[in-house]
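Q: In case you want the letters, here they are:
Number of protein chains: 2
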Amino acid sequence: MVPRIPRCTPRRGRVAGRGAQRSQSVLVEGREEVLANLSFNADGLVPAIAQQHDTGEVLMLAWMDAEALRRTLATKQATYWSRSRGEYWVKGETSGHRQAVVSVAVDCDGDTVLLQVDQTGPACHTGTRTCFSGREIA
Amino acid sequence: MVPRIPRCTPRRGRVAGRGAQRSQSVLVEGREEVLANLSFNADGLVPAIAQQHDTGEVLMLAWMDAEALRRTLATKQATYWSRSRGEYWVKGETSGHRQAVVSVAVDCDGDTVLLQVDQTGPACHTGTRTCFSGREIA
Chain P
3 MVPRIPRCTP RRGRVAGRGA QRSQSVLVEG REEVLANLSF NADGLVPAIA QQHDTGEVLM
63 LAWMDAEALR RTLATKQATY WSRSRGEYWV KGETSGHRQA VVSVAVDCDG DTVLLQVDQT
123 GPACHTGTRT CFSGREIA
Chain X
3 MVPRIPRCTP RRGRVAGRGA QRSQSVLVEG REEVLANLSF NADGLVPAIA QQHDTGEVLM
63 LAWMDAEALR RTLATKQATY WSRSRGEYWV KGETSGHRQA VVSVAVDCDG DTVLLQVDQT
123 GPACHTGTRT CFSGREIA
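In order, the protein sequences belong to chains P and X. Per our numbering, the very first residue in the first sequence carries number 3; after that it's consecutive. Per our numbering, the very first residue in the second sequence carries number 3; after that it's consecutive.
Simulated from the structure, these hints should not be mistaken for laboratory data. Do not rely on the hints blindly, as some may be mistaken.
A short list of chain X residues far from chain P (calculated; beta carbon distances all over 10 angstroms) [claimed, not checked]:
1. 33
2. 42
3. 67
4. 102
5. 111
Here's a subset of chain P near chain X, in silico, CB distances under 7 angstroms, partners left out [claimed, not checked]:
6. 36
7. 47
8. 49
9. 53
10. 58
11. 60
12. 63
13. 107
14. 109
15. 134
16. 138
17. 140
Since the structure is predicted, the reported quantities are computational estimates derived from the model, not experimental observations. All residues carry an ideal CB built from backbone N, CA and C; glycine is no exception.
Go ahead and model the full structure; you've got the sequences and the hints to work with.
A: This is the structure in structure tokens:
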């Protein structure tokens with residue numbers, strides 16, 4: 003059973019009414035209900051953090067629209083929206099460095115997605131394991 | 003010594019010239035150079051992921067402008083920009099659930115910040131350890 007989702011703050015851009023009344027139990031009612039209750043930004047996107055499920059490494063942050071999240075949930079392969087290319091992007095489709103999805107969570111505001119994945123090879127196309135590897139500034 | 007930062011993709015909104023010539027070594031030249039070379043969004047913000055430094059838990063995602071990052075680096079207390087309140091927000095200033103900053107990294111695109119922190123108490127004001135705790139959708 004999917005747990006109830008307490009929310010940190012009122013969601014932006016919600017329309018009061020039927021949906022609002024169900025705001026505390028959105029995830030028990032199926033995938034489309036989940037998607038309908040996420041708070042996408044003005045571009046229709048939410049940030050998605052990919053974390054290696056067993057080591058805890060934060061691999062990267064990319065962006066998803068509802069369809070990218072829908073595809074990710076359906077295929078269990080992390081699929082993002084490329085803001086620079088303006089197209090869906092199955093992570094690793096070209097490089098082979100795929101992200102098999104282990105689990106997906108949303109945050110208390112419904113405006114961030116956290117993917118637990120099993121990353122094949124480096125997550126960053128520069129060849130580093132994560133997009134943060136060796137990029138410490140403090 | 004701070005490492006060089008290979009970048010995944012060309013940064014958006016850069017002006018060619020002096021800055022561009024130093025794009026592969028921005029972090030060896032000090033904090034203001036780092037800040038000047040980050041890719042903030044149209045609102046002047048970057049997403050900042052807070053991760054518990056020892057357990058690897060992804061605690062939350064919030065937003066920083068240059069000044070919030072400057073304050074975070076200077077004080078070693080995670081400081082964000084609250085989009086809903088329109089003000090700087092020292093995490094835990096009211097609740098006591100502070101985030102002592104252990105390290106800070108930026109990603110290959112320079113448009114995401116990853117904080118390794120030591121979180122006092124729950125990160126989420128709903129009382130859960132992380133803002134994702136118990137909010138799995140798959």
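Q: Each hint should be assessed against the structure and marked as holding or not.
A: Right, here's what the structure says about each hint:
no.: 1; hint: 33; in the structure: violated (8 angstroms)
no.: 2; hint: 42; in the structure: holds (14 angstroms)
no.: 3; hint: 67; in the structure: holds (16 angstroms)
no.: 4; hint: 102; in the structure: holds (13 angstroms)
no.: 5; hint: 111; in the structure: violated (7 angstroms)
no.: 6; hint: 36; in the structure: holds (5 angstroms)
no.: 7; hint: 47; in the structure: violated (11 angstroms)
no.: 8; hint: 49; in the structure: holds (5 angstroms)
no.: 9; hint: 53; in the structure: holds (6 angstroms)
no.: 10; hint: 58; in the structure: holds (2 angstroms)
no.: 11; hint: 60; in the structure: holds (6 angstroms)
no.: 12; hint: 63; in the structure: holds (4 angstroms)
no.: 13; hint: 107; in the structure: holds (4 angstroms)
no.: 14; hint: 109; in the structure: holds (4 angstroms)
no.: 15; hint: 134; in the structure: holds (4 angstroms)
no.: 16; hint: 138; in the structure: holds (5 angstroms)
no.: 17; hint: 140; in the structure: holds (4 angstroms)
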